[in-house]
Amino acid sequence: MPLIELTTPFSEEAISQLKVGDVVTISGYIYTGRDAVLPKIIKAADEGRLAEMGIDLQGSVIFHTAVSPAGVGPTSSNKVEIESSLEPLSRHGVKMHLGKGAISKPTIEALKKYNAVFAVIPPVTALLESQTIEREVVAFSELGMEAMNHLKVVKYQAIIGAAKGRSIYD
Amino acid sequence: MISIQEKVADCLVRAGSTFREDQKDAYRKAIAIESSEKSCWVMRQILDNALVAEERRSPLCDDTGIPHLFLELGKDRSVTGELLEQIKEGVALGLRQLPGRPMAIMGDDYARIDQSGGLNEDSGALAPSPILIKPINEDVLRLTVLMLGGGPAIRGITQRVFHKHSVDVVIDEIVNRAKEGVSKLGCSPCVLAVGVGRSQFEATSLMMESMVYGDFSKQTDFEKKITEKVNEANIGPLGLGGKHSVLATFAKIGPQRASGVRIVALRPCCCFEPRRACVEL
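Line by line, the protein sequences are chains L and D. Residues 11 to 180 (this note's numbering) are what the first sequence spells out, left to right. Residues 72 to 352 (this note's numbering) are what the second sequence spells out, left to right.
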């Protein structure tokens, strides 16, 4: 399968060209977040506090994972707190939500509205660990492994699971 | 001389970081015959991950799992309280070496249920499950460590089947339960671990045993039939479609009750499981 190479931050044009089933590589800085931290990030974004926290969501990727000494790996993106974050975070500039599992039609429509995509990443922790060259906690460190981290990654592979109103699970 | 603790620790690290050869071959064969490009891509990633994990002795998955222990005991061998303590210490050492995800829940009964007591930051604080002991006809004391992840635990089910004096009825019920579990698991292709016994405890013990002894290259007709029927559902790796929702079924059928009911334990193991390794102590 041909690989589409992407580097963060993503442009509107790069995202608009992606379609369901495309396999992409992701390089550059990405954020992490899952159940516990994503609602807090949305609240901070709504209150305009992200800049003071050193977080820039424009053109960004949010990887639905914990970050522990064991490494990283996707959790199910259709958990309530995670899936409900896709619309507001896309509104605040996130271009790619990286996780696993089928998401609902309304969420897919919301991604389309903001020219954002959902990508599925296999739970290949050892491989991802070998492709992660920096990691830093950027917000809500009290959440431990569920804090928001900033990772520098090299060629994570993922498949586009939802884009332009379509889903790979249809 | 290597201590019991070091042997157990090494065994746990191998369980959490290594695919066995029959497991690698199962993936290679599946990739060779799978027609869906998406499925092939997923399975190649899983196999590449296994090779990197083995080389680095690092976790296959960030859910490193709960250690489950299975001890085989020759008739001239003995188990002492001291040995069990050394095994427990070896598990803690192995979890720190892997490293395991720090996920021991702290606090009293209520705090452990609602998780209000927080997590212990020490990977080694994670307690192993109760140990299963099986007498065998070998002059050996052999420990198998299994690392069981949370996703399959969520999707697993132990429940009765009214067999109506037909094996096919039992197989069909296993298949129906498996299709639902596999489709919701996400981390497929799966291995289905099955135990059939007289009680919930016995069926679950047999299911554990199936994971200890299961071999991808040796499948009974019972196991093949279940695998083939579940694969007809076209769920595929990561639910993306394809012929390989399940790579194999590992089943253990024990003694049965003189009645119309069979208790079936089913665990849809994730794409890395059964994560297991064994060591002679």
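No lab work stands behind these hints, which were simulated from the structure alone. Honestly, I wouldn't trust all of these hints.
[To be verified] Derived lysine-lysine pairs resembling DSSO-like cross-links, with alpha carbons at most 27 Å apart:
| # | chain 1 | residue 1 | chain 2 | residue 2 |
| --- | --- | --- | --- | --- |
| 1 | D | K146 | L | K29 |
| 2 | D | K100 | L | K115 |
| 3 | D | K146 | D | K159 |
| 4 | L | K29 | L | K174 |
| 5 | D | K109 | L | K174 |
| 6 | D | K159 | L | K89 |
| 7 | D | K109 | D | K296 |
| 8 | L | K89 | L | K115 |
| 9 | L | K123 | L | K174 |
| 10 | D | K250 | D | K100 |
| 11 | L | K29 | D | K314 |
| 12 | L | K115 | D | K109 |
| 13 | L | K122 | D | K250 |
From a predicted model like this one, the values you see are computed outputs, not experimental measurements.
Right, here's what the structure says about each hint:
| no. | hint | in the structure |
| --- | --- | --- |
| 1 | D:K146 with L:K29 | violated (62 Å) |
| 2 | D:K100 with L:K115 | violated (35 Å) |
| 3 | D:K146 with D:K159 | holds (23 Å) |
| 4 | L:K29 with L:K174 | holds (7 Å) |
| 5 | D:K109 with L:K174 | holds (19 Å) |
| 6 | D:K159 with L:K89 | violated (35 Å) |
| 7 | D:K109 with D:K296 | holds (25 Å) |
| 8 | L:K89 with L:K115 | holds (15 Å) |
| 9 | L:K123 with L:K174 | holds (8 Å) |
| 10 | D:K250 with D:K100 | holds (22 Å) |
| 11 | L:K29 with D:K314 | holds (23 Å) |
| 12 | L:K115 with D:K109 | holds (22 Å) |
| 13 | L:K122 with D:K250 | violated (31 Å) |
When the structure is compared with the earlier hints, violations turn up for hints 1, 2, 6, 13 and for no others.
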